[in-house]
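Chemist: The residues making up each chain are set out below.
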Amino acid sequence: MKILIIEDEEGLRESIEEYFSEDGNICETAANYPAALSKISVYRYDCILLDITLPGGSGMDILKNLKAGNHPDGVLIISAKNSLDDRLDGLNLGADDYMVKPFHLSELKARVSAIIRRKTFNGSNLLLFNELNIDLLAKEVKVGQLPVKLTRKEYALLLYFIANKGKVVSKNAIAEHLWGDGIDMANNFDFIYSHIKNLRKKLMEAGCHDYIQAAYGMGYKFTE
Amino acid sequence: MKLQTRYNYVNLATTIVVLLITGIIYYQAISWILTRQKDRDLKVEEDEVFEYVALNHQLPQTFESNDQQITFTEAKPGSIKREFINTEYYKRWDRDKGFKKHKHRSEGEYESGRGLITSVTVGDKYYKILIVVSKVETEDLIRLIFTITIAVILLLLLVLLVTNRFILNRLWKPFYNIMKELRLFNIADTREIPKLGTDIDEFKELNTVVVDMAARAKHDYKDLKIFTENASHELMTPIAVINSKLDTLIQTENFSERQSKLLNDLYSAVSRLNRLNQSLLLLVKIEHRLMHERRQINLRELAEEMTMQFEEIFQGKRLKIACKLNDKEIYASPYLAEVLLSNLISNAIRHNYVGGEVVINLTNESLVVQNTGNETELNEEIIFTRFHKSSGSEGSGLGLTISKQICENFGFSLKYSFEGVYHTFTVGF
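Those sequence lines, one after another, are chains A and B.
Residue numbers for the first sequence follow numbering that gives the first Met the number 0, beginning at 0 and rising by one.
Residue numbers for the second sequence follow numbering that gives the first Met the number 0, beginning at 0 and rising by one.
In short, the hints are calculated from the structure, not lab data.
Beta carbons: idealized from backbone N, C-alpha and C, even for Gly.
Incorrect hints may have been included.
[Stated by the list, open to error] Footprint (simulated), chain A over chain B, 3 or more residues, beta carbon under 8 Å: (1) 242-250; (2) 267-279; (3) 309-319.
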């Protein structure tokens, strides 16, 4: 997939680019308003990561520009402003999602994957990964033809891993994904462990390959 | 006490004092003038006696008129000093009138009188003369004048009080209007305080000052809001960079156990830093009432959702949770309601021991969150202050401050009490 990262902060831009580039994606970047504007007027992207505060202009104007041109690109706003007005403005203008800095790259990847999935499959809601067969609408998981009964959190975890396949996902990122960042989970990583243990057990019992590996006590990795 | 009441008190007190003093002076003056009048009469009488003695060389007949008595007594020569005295005048009743007037059978009564003691020498005898006149009419006169004066002054006072009441109420009207405007003033509102139509300079000035102040406060507030947003942006960006760099770093394989421990610590610190920053921003937003979104929220549903969210943690700490939830609808910001519940419940978990209890009661009047834990009562004064936290707490120290602010924002109360073994937080709706 083809992604445009519009972000003025160099460190963040590079990290996002690096995280998204592996896995065969094409990433392009723009560091300021004019550069971003010229890119979106020429090229089309599956998803655009859009910072609101940019040197030379507002990300909102880029969004308006995109929508005025009837371009179908998915847009994910990444903003430092956690203000409801901004969020509503962004979503009303046609953005697909809104994320507040700081965020984990794995969370960003999961959100971008969700946007692209919605855009490209056009109504089809099946996610296939080797023998795994996930119905996104019914929230049902099958291994081959065999249904696997997952809890809400196990299901969320599985989707999160698939979106970040091949990456080490930190326990912090998992905790924030499952419980939200409002909840202080610092000393509660045991729950993540038990959720992952249960998920692996259920998948393997249904005959699925064991894709989830622990990574140096820091997190987990979903590998083919 | 109202200004008007205070003003009336002062007014009343001074009027009464002045009135009393004038009354006394007035009384003294009239009484002095009238006494002088009587004295003159007495002197005329004395002269008559002297004339009679000079002409006839004998004492006149003692006689008694309606209001005058003269007595002569022999005295040692030179022992009498001429003087005017206040004395009593013995009044005999008229035969007809007296019995009608008085039931008792005395022959008369004493009334106040004015007397002159003087002396005369007739032949070789020395006499003391006592002339007494009744003062009763004089006193009646004084009393009448005095009563009329008092009545007039009292009437004046009453009229003043009544007019004061009405006039003052009218006069102060602009003041109350300004107060009303001030009460309605909301710094986050766009509504301006209107200019007031009044002729009174003081109120005009007050109005101008208030309008200026409101404008200044709004301006400062706007500045602060911009500053807050900028601060948030400036802080969030480096935190975001650190976070993303950490996420990238862990992709570079082959970590030793020591390195991964360090990375984990870094992750926790960054996430704490992030939470702290978010909490501070949230606090500023609540304090400045920036959370304007309002919606109907069913607190029971929200509480159930929350306890489900915390399910694993309850299980992990083997906490017994007892929920008694009734339906309770509030009209408030859903985000803040969520933060409030989340803060109270996570506190109840965090400050609990393994195998402890959490009790959540929701009624129409209150939401009560109780937990077992440390068996000493907390100090209600300080637990709601910023950055106060118990030793060893992993929290930001802002959770209860935020909860309190949210409650104030919603118009609820938040109280702490220690009941038996339970630390109890009560939100009163």
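Chemist: For the segment 267-279 of chain B, do at least 3 residues have a Cβ located nearer than 8 Å to some Cβ of chain A?
Modeler: holds (count 7)
Chemist: Is the listed coverage of the segment 242-250 of chain B by chain A valid when you require three or more residues with a beta carbon under 8 Å from a beta carbon of that chain?
Modeler: holds (count 8)
Chemist: Three residues or more, CB to CB closer than 8 Å: is that satisfied between the segment 309-319 of chain B and chain A?
Modeler: Holds: 4 residues of the segment 309-319 of chain B have a Cβ under 8 Å from chain A.
The structure agrees with every numbered hint stated previously.
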